Amino acid sequence: MSQKHHVLSVLVENKAGVLARVSALFSRRGFNIYSLVAAPTDDPRLSRLTIVVDVESAPLEQITKQLFKLINVVKISELSPDQAIERELALMTVQADGTSRSQVMELVAIFEGKIVDVGSDQVTIMMAGEPAKLDGFEQLMRSYGIVDLQRSGRVALPRLEVGRPRLRSVTGQVAN
Amino acid sequence: MKLTGAQALIRSLETCGTEVVFGLPGGAILPVYDPIIDSSLRHILVRHEQGAGHAAEGYAHATGRPGVAMVTSGPGATNIVTALCDAYMDSVPMVCITGQVPLAAIGTDAFQEADTTGITTSVTKHNWLVTSAQDIPRIVAEAFHVATTGRPGPVLVDIPKDISNAEMEWYWPEESDFDLPGYRPNLRPHPRMIAQAAKLIVEAERPVIYAGGGILKARASEALMEFATRSKIPVVTTLMARGAFPDEHPLCLGMPGMHGNYTAVTAIQKCDLLIALGSRFDDRVTGKVSAFAPNAKVIHVDVDPAELGKVRVAEVPIVADCRLAIEELTRAVADQAIKADREDFWATTPRHNWAEQIARWQHLYPMVYEPSEPGLPAKPQAVIETLRAMTPDDTILVAGVGQHQMWASQYWKFRHPYTWVNSGGLGTMGFAVPAALGAKVGRPDRMVWAIDGDGCFQMTAQEIVTATMEQIPIKIAILNNAYLGMVRQWQEMFYEERYSEVYLSPDLPDYVKWTEAMGGVGLRVESGDDIENTIDKANSINDRPVVVDFRIDAKEKVFPMVPAGQSNDDIVVGPAIEAHFEAVSKKGNR
Numbered sequence: 000m001s002q003k004h005h006v007l008s009v010l011v012e013n014k015a016g017v018l019a020r021v022s023a024l025f026s027r028r029g030f031n032i033y034s035l036v037a038a039p040t041d042d043p044r045l046s047r048l049t050i051v052v053d054v055e056s057a058p059l060e061q062i063t064k065q066l067f068k069l070i071n072v073v074k075i076s077e078l079s080p081d082q083a084i085e086r087e088l089a090l091m092t093v094q095a096d097g098t099s100r101s102q103v104m105e106l107v108a109i110f111e112g113k114i115v116d117v118g119s120d121q122v123t124i125m126m127a128g129e130p131a132k133l134d135g136f137e138q139l140m141r142s143y144g145i146v147d148l149q150r151s152g153r154v155a156l157p158r159l160e161v162g163r164p165r166l167r168s169v170t171g172q173v174a175n
Numbered sequence: 000m001k002l003t004g005a006q007a008l009i010r011s012l013e014t015c016g017t018e019v020v021f022g023l024p025g026g027a028i029l030p031v032y033d034p035i036i037d038s039s040l041r042h043i044l045v046r047h048e049q050g051a052g053h054a055a056e057g058y059a060h061a062t063g064r065p066g067v068a069m070v071t072s073g074p075g076a077t078n079i080v081t082a083l084c085d086a087y088m089d090s091v092p093m094v095c096i097t098g099q100v101p102l103a104a105i106g107t108d109a110f111q112e113a114d115t116t117g118i119t120t121s122v123t124k125h126n127w128l129v130t131s132a133q134d135i136p137r138i139v140a141e142a143f144h145v146a147t148t149g150r151p152g153p154v155l156v157d158i159p160k161d162i163s164n165a166e167m168e169w170y171w172p173e174e175s176d177f178d179l180p181g182y183r184p185n186l187r188p189h190p191r192m193i194a195q196a197a198k199l200i201v202e203a204e205r206p207v208i209y210a211g212g213g214i215l216k217a218r219a220s221e222a223l224m225e226f227a228t229r230s231k232i233p234v235v236t237t238l239m240a241r242g243a244f245p246d247e248h249p250l251c252l253g254m255p256g257m258h259g260n261y262t263a264v265t266a267i268q269k270c271d272l273l274i275a276l277g278s279r280f281d282d283r284v285t286g287k288v289s290a291f292a293p294n295a296k297v298i299h300v301d302v303d304p305a306e307l308g309k310v311r312v313a314e315v316p317i318v319a320d321c322r323l324a325i326e327e328l329t330r331a332v333a334d335q336a337i338k339a340d341r342e343d344f345w346a347t348t349p350r351h352n353w354a355e356q357i358a359r360w361q362h363l364y365p366m367v368y369e370p371s372e373p374g375l376p377a378k379p380q381a382v383i384e385t386l387r388a389m390t391p392d393d394t395i396l397v398a399g400v401g402q403h404q405m406w407a408s409q410y411w412k413f414r415h416p417y418t419w420v421n422s423g424g425l426g427t428m429g430f431a432v433p434a435a436l437g438a439k440v441g442r443p444d445r446m447v448w449a450i451d452g453d454g455c456f457q458m459t460a461q462e463i464v465t466a467t468m469e470q471i472p473i474k475i476a477i478l479n480n481a482y483l484g485m486v487r488q489w490q491e492m493f494y495e496e497r498y499s500e501v502y503l504s505p506d507l508p509d510y511v512k513w514t515e516a517m518g519g520v521g522l523r524v525e526s527g528d529d530i531e532n533t534i535d536k537a538n539s540i541n542d543r544p545v546v547v548d549f550r551i552d553a554k555e556k557v558f559p560m561v562p563a564g565q566s567n568d569d570i571v572v573g574p575a576i577e578a579h580f581e582a583v584s585k586k587g588n589r
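Chains D and H, in that order, give the protein sequences. Heads up: the first sequence at position 46 corresponds to 45 in numbering that gives the first Met the number 0, and the numbers run straight through without jumps. Heads up: the second sequence at position 110 corresponds to 109 in numbering that gives the first Met the number 0, and the numbers run straight through without jumps.
Hints should not be assumed to be uniformly reliable.
Here are some of the chain H residues that sit facing chain D, going by a computed Cβ distance under 10 Å [unchecked claim]: (1) LEU179; (2) ASP303; (3) ALA305; (4) GLU306.
These are calculated hints, taken from the structure and not from any lab test. For clarity, every value in this text was computed on a predicted model and none was experimentally measured. Backbone N, C-alpha and C define an ideal beta-carbon position, used for all residues, glycine too.
One chain only, chain H, in its complex shape (with noise of 0.2 Å):
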């Protein structure tokens, strides 16, 4: 059967079990379009490439599978960029097809050409430039391998506009034919790493899982479970594994790092092993690197090898697939333990004194926070967990990156995995308005909310106007303090309170106008009072997306925090956290 390169490329899209494209055309992707018309093929017309990045990437966090997105060659390829390196970073499957000025014409300088493969090559696990139609199936389908096996992440296929044009054979190439001679990711760790591995964790005296986002990336939260929860281990979440293991789970301790809640962060100061599961050591959960969990041997699990021993070095390195770790690990625990007579291994005195040391210091250090006077603007603490409260259990939370971020990653109760989305190790702001959007695509049964900041707001908002046209009713919270908060807060705790360019303020834009403008519904809380029957106003529209202005107390700040390239045991607590210690010290309750 004859097709044309275009043809081709959208029934290879099919084959791949593509539904939703986010995409934007122009000039040298014009002859994919055309076909589209014919396909089963949703595509989501955005009002900016980098939203088409972020839509694919929030469809990718909630379901799992890659998200495509289709734009076209020079501006619509660069425009894409930073969507790409967000991918990256966080290890998001994404499949980006850009279109490309005629073969004959790389190199000229053409209209609306860039070396697009030369500019993503540090920001894409993979990319291809296609020189012939014929290859345009196999291309296809070596992108989606790369894509979503290993250790995932965002791969680009670039065509020129006369290969879409050009005549090719249709066929569908089995993973045989691939021409991947040098790709053959490890997903079976080594039996003798994982009885090391095992040894180790029977031993422990002190133990402490450091889950990361390779754990939703494999589907190993079962598996990660079973695992804590019979070797009584707890489990601390970054991040990029919020939700992996469910938050009010008794072995659970949040979330670590620069502005993790204290128990985490000292749980991981204090551990004698530190068993990393997807995790990858970043500085924002490290602090000052030689000071982080300074008396832990550490077990590291990842299926990428160059992320062993790039930032600590492990005393047991497995490079493998997170679930099958995992499911070896629990299997040979179990081993260990009876091969030692230790089959109650987590019941010593040590175990029980770590499990006390814990509720210890969470009793002491809890997540709290001053709440607002009566009358004044609203906490973005309160607004959180007042939006918690009154969602169903497996809504999407989506977040922009800054305070607000932050303050959702920590007052939000995660139950579920695949229910939290953000921007990571890129931080993007902008990142939530069109990842909300394609998370819903995703997953239209879900309840979706974006935390967003004012300032990310600005950058992305348009594409709440893609979201009317194609009834994607989402919904967004703006926590607006009317400043670049994050960068406020470092201003006022490491420059002395000399504000430089960080004020926004609070009415221009006009949220609600703004919102209204582009199809939405509009609505704003002036102060604390309001939280709820805004929220369940909001809950109740479903044909269009909702956004709420929640004016917020500026001076707010995210703590604890632990100071950029300090140990971690220097962690700032905050007002709040230090005045209920003194309270509850005071009882003499330690």
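Bound-form chain D, shown alone (with noise of 0.2 Å):
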């Protein structure tokens, strides 16, 4: 994935197809979603959906406008990569026989990973981090054979700065 990827944190409320509006929103514009992960937020009432697009700047305003344009959405947000904390998680089952298997948990240990599960001659790792010390790790473990990878998408949270603006709004309203 490019530099220019936009990640959007956008609150929406928790009911039934809000998801399905948001997705085919995108796809009616034209959009590619990277990456989306959804889960409640501490209000019962609303979720969080956190939007990963690549795309220009130019677009992405369009996009935020139209789906601030949907009535259940409540709040969008952009997080400027800079100036957001992104996680990722993955599971991964690596190939780890008699031979390899202390190289791999060596790795783990140095990319502070944990082993969850262990087979005769694989063994499934977790773990979370930024999304390119996974891209990293990922990469390390090719050569002993990835078995299966899945990757949660990232979240995010804007970085607390003392100060500075936090989250730069885009509520839709251009005339501020």
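Build the complex: two chains, separate frames, hints provided.
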């Protein structure tokens, strides 16, 4: 994925069909969703969608405005990559027979992952971290043989910095 | 008070001010049809659900109130999708009630089941699947609220049959009871943007107002008149805004775009300030976007933030209700003129030259056409001009889609807002007959004429039966050229006259007999000489629908024309206007 990705943190009503409306809007306007994570927030009436889109900023403005037109969308914040904490979780089953098992375990330790399941010649690793770190680990594991891989897609929150605006709020209002 | 869901639904519609419902019953909506008998609602039984949708649109166009349509599940719902999409494209307020199979049957591929909310998500402003009878008053109130506020549009409420039969305790919600946390349309313009806009307006040398359908949706015609006349700025009215500014006003330049007149198109191309009010830079207006009004700064007012910057980036974008924004602009321009010590800002030499230039274009390139030879089929333009001359000022004109629609928009002189009903964005053939019916129901005091094409008429003609049954005396002028005329025109101009599947025949069907079979009066005009007599006769019939089959010259094309995707500078005025230009130029009248 290129550097021009954007992370949209979208607060939506926690109702049936809302995710379908959001994803339908993306396809209707010709945008590709790179990853999407949906989960309830601390307020049970609301869910937060963390959507990563791979577009230039001009069409992004249009998509956020269109998104905001959906009645169920309550708030949209664009998290710029340098002002956000982004994390992702990966589960990975890797070939690890007698000769390679200790090497795999060593790398898991270096990357601060965790072995969550062990078979006779495979292990399943859990790793959370910045997406780039997971990319790096995935690269290393390829030489041992990745049997199965599931990444969660990224979740993000704004970085806490004193005295700087935390969010660039994109509420669809241009004339501010 | 205990009511069934169905009773609550009907009572909710009444409470929201509904007087008329266009619909057609079926299995899943059956419970809702029973309490209609005891209600104040007038139900108009259409012959096809698409007709219910377009009739509701026509009603909304003519009255400004939301049109209400009611159909059953499955095919009933899918048949009305075209009308919903049409209303969505043209921002027409409309509330559609659909029946649905019982909750427990949803997802089982039950008889007449369709995923109505899923299917209509992308063609409605919002939709609801009701899952509890207790929610019905709140959801109906929310539906009317969403349909009519902000940028208006169609909404749909899908009601499972068991919910209609279930009991609920009646109540009526306040707006504060609405469950719409994400819906807050912004109507007030930002003062800083208004001030910036006013500055540009006072400084402009060649300004043009580009008025769109938003003017009519915001009831802003009077505000526009005051703004334009005070600052002496010429106005173009888009296809959706015809009538928003009277055609015979000296500042009115008429319709811009692909089939706009030369002056409207060229004034936009040459202007230095384009004031877009409730218009959306549609491709049929802009032509090639990069070549559209290339030297203009843009002020863009729209209530929908997503329209700002969608096609053209505006120097001054203003999110606001059009009427409020125009009123603020009128005030701000006066203030700015005083501040800049330029109270006569509209009387400068450049502004004077601009008005002269526009008058010169109007003189050189008026809307003219070649009249027909005696005894030969009429020219469509002549039919429309004669009709205009023989009908009251406030006649509501409805059109289908194609050549006849463009001629109607070009040659009809609109004198009042809300007298023009057509399908602009979606371009839905078959719109005219049911929309005319809906318009006449909404405005029974007005004469309603539809200009239709022979191709269009055949798509929804069965609603003439509805008009006869319900005694809705609409009048329909078919401009019968025996072709899908607009497609024929493109094949002639861009496909080397290779006519592929566009011939329809003038006599099949026999429109007179067909109309009479549907209980209306059918008339025919064979040549250009009989137009007046026949219109006279049609105008005198007030108890049933009338259809006039005008035989017109099939070779007549719509001009001017900007070929699709080309710059508006490449406007083709056509032979008649070209000949006029030559004649006037020869007189040394430049």
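Minimum beta-carbon distance criterion (10 Å), ASP303 (chain H) to chain D: holds (7 Å)
Hint check: 10 Å Cβ-Cβ cutoff, GLU306 (chain H) to chain D: Since chain D brings a Cβ to about 9 Å from GLU306 (chain H), closer than 10 Å, the hint holds.
When the least beta-carbon distance from ALA305 (chain H) to chain D is tested against 10 Å, hint result: Since the shortest Cβ distance to chain D is 4 Å, the answer is holds.
LEU179 (chain H) as an interface hint toward chain D, with CB separation required under 10 Å: Holds: closest Cβ of chain D sits about 6 Å from LEU179 (chain H), inside 10 Å.
When held up to the earlier numbered hints, the structure conflicts with none and fits them all.
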